[in-house]
Amino acid sequence: MRPIRRFVRRVGNLIFRRHDEQRLREEIEEHITQQTADNLRAGVTYVEARRRALLKFGAAEAIKESYRAERGMPLIESVVQDLGFAVRMLVKSPGFAAVAILTLALGIGANTAIFSVIDAVMLRPLPVEQGEKLLLFTWSARHDPNLRGQSSYGDCDDKETQCSFSVPFFQSTREKANLFSNLAAFAGPFDINFRCNAPAEIGRGEFVSGDFFSTVGLKTIIGRPLGPSDDSPTAPPAIVLNYGYWQREFGPGRSAIGQTVRLNNVEAEIVGVADPRYASLTPGKTQDFFMPLSLSKRVRSEWWGDADRLADPAIWWVVLVGKLAPSISLEQAQSALSTMFESRVLSGPRPIFGSSDAPSVKLLPARQGLNGESSYIAPMLKLIMAAVVFVLIIACVNIAGLMLARATKRQKEMAMRQVLGAGRGRLARQLLTESLVLSLAGAALGIGIAIWGAGGIAKLISSGFGEPFPFVIAPDWRVTAFIACVALAAGILAGLAPAFRGPRADLTFSLRETASSVPGGAQGRRRLRLSDSLVVAQVALSIVVLAGAGLLVRSLHKLQMLDPGFDTRNILLFSLNPTIAGYKDDQTMQLYRQLQQRFAALPGVISATYSENALLSGDWSASDVHLDGAPPKSNVNPATLTVGLDFFSTMRIPLLAGRAFVAADFASAHAARLVLEAAEAKSTTPGDSAKSKEAPAPQVAPVPVLINRAFARAYFPHQDPVGKHIGHGQHDDDPKGPLPGYRIVGMVGDTKYNNLRREIKPTMYLPLVENSANFELRTVGDPNALVQTVRGIVTETDSGLPVFHVRTQAEQIDQILFQERLMSSLSSFFALLALALACIGLYGLLSYEVARRTRELGIRMALGADKRHLMRMVLRQGLLLALLGSVIGIGAAFGVTHLMASLLYEVRPDDPATFAFVCFLLLLVAAAACLIPARRATRVEPIEALRTE
Amino acid sequence: MKQKADVQQGTLALMVLKTLDVLGPLHGYGIARRIEQISGDLLSVNQGTLYPLLLKLEQEGSIASEWGASENNRRARFYRLTRDGRKQLQTETREWEQTTTIVGRFFAVKAEDLS
Numbered sequence: 001m002r003p004i005r006r007f008v009r010r011v012g013n014l015i016f017r018r019h020d021e022q023r024l025r026e027e028i029e030e031h032i033t034q035q036t037a038d039n040l041r042a043g044v045t046y047v048e049a050r051r052r053a054l055l056k057f058g059a060a061e062a063i064k065e066s067y068r069a070e071r072g073m074p075l076i077e078s079v080v081q082d083l084g085f086a087v088r089m090l091v092k093s094p095g096f097a098a099v100a101i102l103t104l105a106l107g108i109g110a111n112t113a114i115f116s117v118i119d120a121v122m123l124r125p126l127p128v129e130q131g132e133k134l135l136l137f138t139w140s141a142r143h144d145p146n147l148r149g150q151s152s153y154g155d156c157d158d159k160e161t162q163c164s165f166s167v168p169f170f171q172s173t174r175e176k177a178n179l180f181s182n183l184a185a186f187a188g189p190f191d192i193n194f195r196c197n198a199p200a201e202i203g204r205g206e207f208v209s210g211d212f213f214s215t216v217g218l219k220t221i222i223g224r225p226l227g228p229s230d231d232s233p234t235a236p237p238a239i240v241l242n243y244g245y246w247q248r249e250f251g252p253g254r255s256a257i258g259q260t261v262r263l264n265n266v267e268a269e270i271v272g273v274a275d276p277r278y279a280s281l282t283p284g285k286t287q288d289f290f291m292p293l294s295l296s297k298r299v300r301s302e303w304w305g306d307a308d309r310l311a312d313p314a315i316w317w318v319v320l321v322g323k324l325a326p327s328i329s330l331e332q333a334q335s336a337l338s339t340m341f342e343s344r345v346l347s348g349p350r351p352i353f354g355s356s357d358a359p360s361v362k363l364l365p366a367r368q369g370l371n372g373e374s375s376y377i378a379p380m381l382k383l384i385m386a387a388v389v390f391v392l393i394i395a396c397v398n399i400a401g402l403m404l405a406r407a408t409k410r411q412k413e414m415a416m417r418q419v420l421g422a423g424r425g426r427l428a429r430q431l432l433t434e435s436l437v438l439s440l441a442g443a444a445l446g447i448g449i450a451i452w453g454a455g456g457i458a459k460l461i462s463s464g465f466g467e468p469f470p471f472v473i474a475p476d477w478r479v480t481a482f483i484a485c486v487a488l489a490a491g492i493l494a495g496l497a498p499a500f501r502g503p504r505a506d507l508t509f510s511l512r513e514t515a516s517s518v519p520g521g522a523q524g525r526r527r528l529r530l531s532d533s534l535v536v537a538q539v540a541l542s543i544v545v546l547a548g549a550g551l552l553v554r555s556l557h558k559l560q561m562l563d564p565g566f567d568t569r570n571i572l573l574f575s576l577n578p579t580i581a582g583y584k585d586d587q588t589m590q591l592y593r594q595l596q597q598r599f600a601a602l603p604g605v606i607s608a609t610y611s612e613n614a615l616l617s618g619d620w621s622a623s624d625v626h627l628d629g630a631p632p633k634s635n636v637n638p639a640t641l642t643v644g645l646d647f648f649s650t651m652r653i654p655l656l657a658g659r660a661f662v663a664a665d666f667a668s669a670h671a672a673r674l675v676l677e678a679a680e681a682k683s684t685t686p687g688d689s690a691k692s693k694e695a696p697a698p699q700v701a702p703v704p705v706l707i708n709r710a711f712a713r714a715y716f717p718h719q720d721p722v723g724k725h726i727g728h729g730q731h732d733d734d735p736k737g738p739l740p741g742y743r744i745v746g747m748v749g750d751t752k753y754n755n756l757r758r759e760i761k762p763t764m765y766l767p768l769v770e771n772s773a774n775f776e777l778r779t780v781g782d783p784n785a786l787v788q789t790v791r792g793i794v795t796e797t798d799s800g801l802p803v804f805h806v807r808t809q810a811e812q813i814d815q816i817l818f819q820e821r822l823m824s825s826l827s828s829f830f831a832l833l834a835l836a837l838a839c840i841g842l843y844g845l846l847s848y849e850v851a852r853r854t855r856e857l858g859i860r861m862a863l864g865a866d867k868r869h870l871m872r873m874v875l876r877q878g879l880l881l882a883l884l885g886s887v888i889g890i891g892a893a894f895g896v897t898h899l900m901a902s903l904l905y906e907v908r909p910d911d912p913a914t915f916a917f918v919c920f921l922l923l924l925v926a927a928a929a930c931l932i933p934a935r936r937a938t939r940v941e942p943i944e945a946l947r948t949e
Numbered sequence: 001m002k003q004k005a006d007v008q009q010g011t012l013a014l015m016v017l018k019t020l021d022v023l024g025p026l027h028g029y030g031i032a033r034r035i036e037q038i039s040g041d042l043l044s045v046n047q048g049t050l051y052p053l054l055l056k057l058e059q060e061g062s063i064a065s066e067w068g069a070s071e072n073n074r075r076a077r078f079y080r081l082t083r084d085g086r087k088q089l090q091t092e093t094r095e096w097e098q099t100t101t102i103v104g105r106f107f108a109v110k111a112e113d114l115s
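Chains A and B, in that order, give the protein sequences. Here the numbering used here is used: the first residue of the first sequence is 1, the next is one more, and so on. Here the numbering used here is used: the first residue of the second sequence is 1, the next is one more, and so on.
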């Protein structure tokens, strides 16, 4: 209690600057007077009495000092004193302060901006109650499982661990074991044809089990959440809207509760709106509404076929999360779950794994496991983070160099302080305080830069994705702690060199008047070498950043210059999904044909076509085929793309042999599909396979296909592929029935398919007779001018059919190159910043050198030295440092750039051209930076220089 | 002149408190003088520690101070014990007595006592 009271008083004294010097002085005076009076009584003279009193009292100044120490807090007081002095020193040299603070602000701001994006993408806790207790089910195995269907929706990274399970596995886990207090399944989001009052549109709906809301702790702000009762197949279909979607679609304040909407033509009632704080369990994913899992029987994805996703144990598609029951440990749950999982996947009528596949199930903390979306941007962010860390280090080294030069200028001041009794530690502390003041000011300014920068990066990323940035960038304690640590580290790093070098000075030497311009000397030499090495380090670091950025820029350039094999200019792309709007295959074909004709007839449209996937959109398909004459079951897996009429002429893909598709090809493909579907339906009905032999299958012609040149080169070398037959892929459980296969009718040129980086694979083009499609319109002028017209035509044809994903082919390419564009622009920006900082460092050093050697230069000139010679001398010194830094930097860059090899395209991580260019650029800028001080050296007036002594 | 001992570390506070307890409000010089007197002039109070100590005790709330007039009518700062200070004196006295008892036993101990 007493120490606390004392502390409070001392802090109070410190804050209110209560000194009471007067009181102490009076007390001392009184003390001595009384002592003197006592002594007088002993019979000595007044002078002697006073002398004895003073002697007895002791050193008054020392007493005052310890009295003051007792009254306040000397450490803090001296820190405050240092701070005040540091601020005054900086105010006295505003140029230096401005450069230093701005440099540090850029470094700290850039780091904070990138870190806050990383924080938002990778470090945020789950947006739910007790999110740390939520566990995710994952599985891994040596081989792919033997499944009838497997879907994942970007919740896990899918490289080492996967997290889709079957619904029966979910149900039995929930029923049999008392392991979990809560267990929920979810899947999606799916593109759903969402129709309320206005024309239909595509909404993104997530299937969730009835316990999802309670497990996750997700509440509704209006209405009720989905509950276990919604899991019943007979329950009336109900959905809960996401807050943002509710706001966008229904307007704020308007209740949507009780409204009926149509999801893929299934009626459902809106029963609630979810808490706005919840975005998604998987960071970066979004959904527009939640649907009960039971509804997946009726609201189906177009890819599912007829399979029963709720009952089939061989279709894995839901993600499972749960919280352990209170009495169960993680190990217990883990082992019980493993037993269950293995018995289910290794045995049964249809084993999903062989025992050699070593399938295993593992419970992971949900935050750690649900990293699907962030695993996509994480490597990019880490790379940029590395670049900005380099920039910050360069900035710090730069400031260290500047402060070192200043410390040399301030030698006399330091010597004076030492003479007056300041210890070396005290001086170092003061210098460190100065650099910390700089870095704190830099951090304060940097916060502004960071807010602006993080917003800019989010905007860049979201423009690349074509949707709002799905992560919430907001300062939290991690970001705050990061800024504090960075500012502190930067201050210490920048102040370290001068703090240790500064106070070490030969006192008498430094105090002599001429000290400031004495050339050389042992002390000067050593300090010089330190500042030289600081500049070399800056140059080397900036070379590393420049080299990395250079490689990324070259990769991007190569990708942009790449000929994808078709004409990418003036194409409008958009998607339609008639299947989920309720169309059957025949109707779909009719619709497409009709729309195609109407689009093609539009003024400004050269031709129109459609295909299953847009080229260079990231989507692609592949399928097993069997080449005639190959051993049984040795399939090959070419890429496939189903296309409409006029696809090749619209995309301007050259026809190399044979012919393009004609209308009859589509009829033929449709006929083949009907026969195959009928055969499949028969074989899946048990007991019918025997009967099907009796009725001979109707004969059907092979599906006409076109191939690309890569296909011909891979599978028909040195032959004319036109007219060749290709069989269906052969598998163990093939249905018996007609296998018409494919007939090649033509060959077209190679094009890049799903993205630009991927090598061109053998590709087979088939007539499109089903599914959703992406339309391509070749236009005369700007494709975007047609968007309204196109929307009008589609709505006119069917108001229940939303047009979505409208973009031009050029925008599409920009979108798939977004990662490369972002990385190359950000890294170039930071690399140029690094270059500028390094050159400012070089410039600062040389300027200081020239100023320091003014007398020497003056004498040289007086003795007849050539001006050009002096200029060369300064230039040589600067360029030698730059060259040395470059050599070291290149060595370091070789070590670093191979780490980013996977991000490069057709550029080796040690690409000599890039490295040479980077060095050239650096030396050029360095030469420019050296030129100014070099010219200044030639302008030294000998008389002036000697007179200043 | 006989060599005087300095006050042992930590005991000066106790002496100050006790002095104020017995003699009532005193100024700094008076405290120092009284302590030396009570010790039979065996102790010499170091002024360098006395004034900071008075400040410390005051900041802790054990004593309070105010200006007053000294014996010869001069302005002087008088210190007096507060209620907290009296309590502190009691505990510290108890502790000190305990310590001296223990140390006393050690001095009194003889080999045969322990056998």
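Mixed in with the good hints, there may be bad ones.
[Claimed, not checked] Stretch-level coverage of chain B by chain A, calculated; a stretch enters the list once three of its residues show a Cβ under 8 angstroms from a Cβ in chain A:
id : segment
1  : 18–29
2  : 35–49
3  : 58–67
4  : 98–104
Source of the hints: derived by calculation from the structure; they are not laboratory data. Model, not experiment: these values are computed from the prediction. Backbone N, C-alpha and C fix where the C-beta goes; we use that ideal spot for every residue, glycine too.
inquiry  = Quick check: do three or more residues in the segment 35–49 of chain B have a beta carbon closer than 8 angstroms to a beta carbon of chain A?
reply    = holds (count 4)
Annotated coverage of the segment 58–67 of chain B by chain A, confirmed only when three residues or more have a Cβ within 8 angstroms = holds (count 4)
inquiry  = Taking beta carbons only, do three or more residues of the segment 98–104 of chain B come closer than 8 angstroms to chain A?
reply    = Contact hint for the segment 98–104 of chain B vs chain A: violated, 0 residues under 8 angstroms.
key: Residues of the segment 18–29 of chain B with Cβ under 8 angstroms from chain A, three needed, outcome   = holds (count 3)
Hint 4 alone, counting from the list given before, is not met by this structure.
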